[in-house]
Amino acid sequence: MNGLHPALLLFLTALLAACPRPRLRQVGLLAGTLLALLAVLRLAGDARWSLALSGYTVELLRVDALSRVFGLIFALITVLGILYALHAPRRGEQAAALVYAGAALGVVFAGDWLSLFVFWELMAVASLFVVWCGGTPRSRAAGFRYLLVHAAGGSLLLCGILLHLAAGHPLALEALGRAGETEAAFWLILLGVAVNAAVPPLHAWLPDAYPEASVSGSVFLSAFTTKAAVYVLARLFAGAEVLVWAGTVMALYGVVFALLEKDMRRLLAYHIVSQVGYMVTGVGLGTALALSGAVAHAFCHILYKALLFMATGAVLYATGRRRLTELGGLGRHLPLVALLYLVGALSISGAPLFNGFISKSMVIAAATEAHRPLVSLLLELASVGTFLSVGLKLPYLAFAGPDRSWQLRPVPASMLLAMGAAALLCLALGLFPGWLYARLPFAASYHPYSAAHVVSTLQLLGGTALGFWLCRAKLHGTPAITLDTDWWYRKLLPPASRWLIATARQAGEAWQRCGEALLAWGQNPALVGERLRRWQQGAAKTDQARLSLGLPVLWVVLVFAGVALYTAIAG
Amino acid sequence: MRRWLVFSFLAALVAAERFVHAHHPFWWQALPAFALVYGLAGSVVLIYTAAGLGHGWLQRREDYYGDDAS
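In order, the protein sequence lines correspond to chains A and B.
For the first sequence, the numbering used here assigns the number 1 to the initial residue and increments by one for each residue that follows.
For the second sequence, the numbering used here assigns the number 1001 to the initial residue and increments by one for each residue that follows.
One or more hints might be untrue.
Anything over 10 Å on all C-beta distances counts as not near chain B; from chain A, calculated [claimed, not checked]:
#1 Glu-380
#2 Gly-515
#3 Ala-564
Only pairs whose alpha carbons sit at most 20 Å apart, straight line, appear in this in silico EDC-like list of lysine to aspartate or glutamate [claimed, not checked]:
#4 A:Lys-474 with A:Glu-326
#5 A:Lys-491 with B:Asp-1063
#6 A:Lys-491 with B:Glu-1062
#7 A:Lys-474 with A:Asp-263
Covered by chain A, per the in silico footprint, the following chain B stretches (three or more residues, Cβ under 8 Å) [claimed, not checked]:
#8 1009-1017
#9 1022-1033
The hints are simulated quantities; they were obtained by calculation from the structure and are not laboratory data.
Predicted model only: the values in this text are computed from it and were never measured.
Each residue gets a CB set at the ideal place from its N, CA and C atoms; glycine is no exception.
Working from the sequences, and respecting the hints, build out all of it.
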């Protein structure tokens, strides 16, 4: 058991989702995910899965402290997510989610560039199906946009990897480091990973697609893609200065857009962008404390963000409504959901006793320790914004306020159980941070519970609550959507591509006419009169005037031959 | 009544600063009630920034992107 690849167990478990008998399927899925968690816990430090492929050694499984801690939280959240999704109507979603989780584990345990890339793309494809299992026209359209962005991101990553390997580097994964910042490979790989980490302006796929998945699908989506990207950043780009500022911008960007958001799940999606910002900043700072903070925050974030998506999912499940402007007064009807939501909200806000407090403050402390006053202040400001919208605005609009005489669908026990377990883990980590700190891969000592830190955190949250109370009228408002960078490919791309196609066709037709004009000079003069007569009678076929398929094929072949010739000569 | 409870809690937090031993890497952290004021000012600034961005520029009707976004 100590050398079994946990991703394999999840892939096998995904097959169980096809089982037609509900009880058997539920037991099988839970058992499979629990086995995968056990496999991660029992992984030996020297466990290896290597394949020799024509001169290369592909390492599917390589274990170190960094991959172990990410693997642990991925496997743990898979168990909770499957528990939450036990009653999901679409079995395909459970299968896709398990493949997605397995691919995320594959990324984390990949020992070389090739297996990293393969699992990376598998993650994109499987998560696409999780989005599509939302089953609405909106989720279908959002899924296509998600595919567009991730295909582009994956291609950037692949180009970067190929350039990196072509420069003579080994296939095994190794940190790219600060020395490489002039190489194109460095930037291509960074861009490809930044797409998955949702760094603005490459982030719009996240708030576009995640809220369109089903209630249980969003829980899985919130956990893997962005955090796998954080893992890759931590492994390859620790100490890259550009990430310090990218992360700080992310943290504030997400917060500002979340304040504008009227859809509760889109609000939470923007807070993924914001929270991942802390991790990206931590990776960019690159000190032992900062990297530990980034990893610890990823661990804690996965738990409380899953809890928040589960709780808002339960609200959506019970009411069928997702806009905050249509909710209200639910605290009386769903007291347990409200309570569990608040545990998640206090965790993400970094309130003492909850797990956000012990991880977020590590990143801020690392920025302070590295003498980055502006970064530290801006990250504190992002904490203010987090408490403002997740801790105050969302519960104020959904759970407080006037009652709307709700007719609620009862929330299944399995969903409540999963939420309860996630909430307990958030509290347990907040109370006993030593358990997590002992598993962090970088040696750093940090003590969150100093009296001064608790007092200043409570002051910050108290001041935020005061500001909320003063300005709360500003946060109501009418239903509206907020434009984000997806505007470029939702509004501008369709007319641009139509224009491109129309122009290409016109050019082709003009070319065709030129050809026909020339053709007349080359043919048998005796036939000219016959042609003219046919044309006058209207017998000429319109199909002849269309652009033939042969021409583009010929062009492609010519260009390919040219490129091949060039590389043969230049190479 | 409730309002006074909140205010006295915040006052107690400010008073508590005097009794905890703290190490301040940046000078502003030593200002009295800095975190409280930063939280208050920060939340107001964020709310007004977001509202300004939204109303002035970024917010649209819900059917802006056509059918699939309705």
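Now for the hints, and whether the structure bears them out:
1. Glu-380: violated, 7 Å
2. Gly-515: holds, 40 Å
3. Ala-564: holds, 42 Å
4. A:Lys-474 with A:Glu-326: holds, 17 Å
5. A:Lys-491 with B:Asp-1063: Holds, because 13 Å separates the two Cα atoms, which is no more than 20 Å.
6. A:Lys-491 with B:Glu-1062: Given pair Lys-491 of chain A, Glu-1062 of chain B holds - Cα atoms ~14 Å apart, limit 20 Å.
7. A:Lys-474 with A:Asp-263: holds, 16 Å
8. 1009-1017: Holds: 6 residues of the segment 1009-1017 of chain B have a Cβ under 8 Å from chain A.
9. 1022-1033: With 6 residues in contact (Cβ-Cβ under 8 Å with chain A), the coverage given for the segment 1022-1033 of chain B holds.
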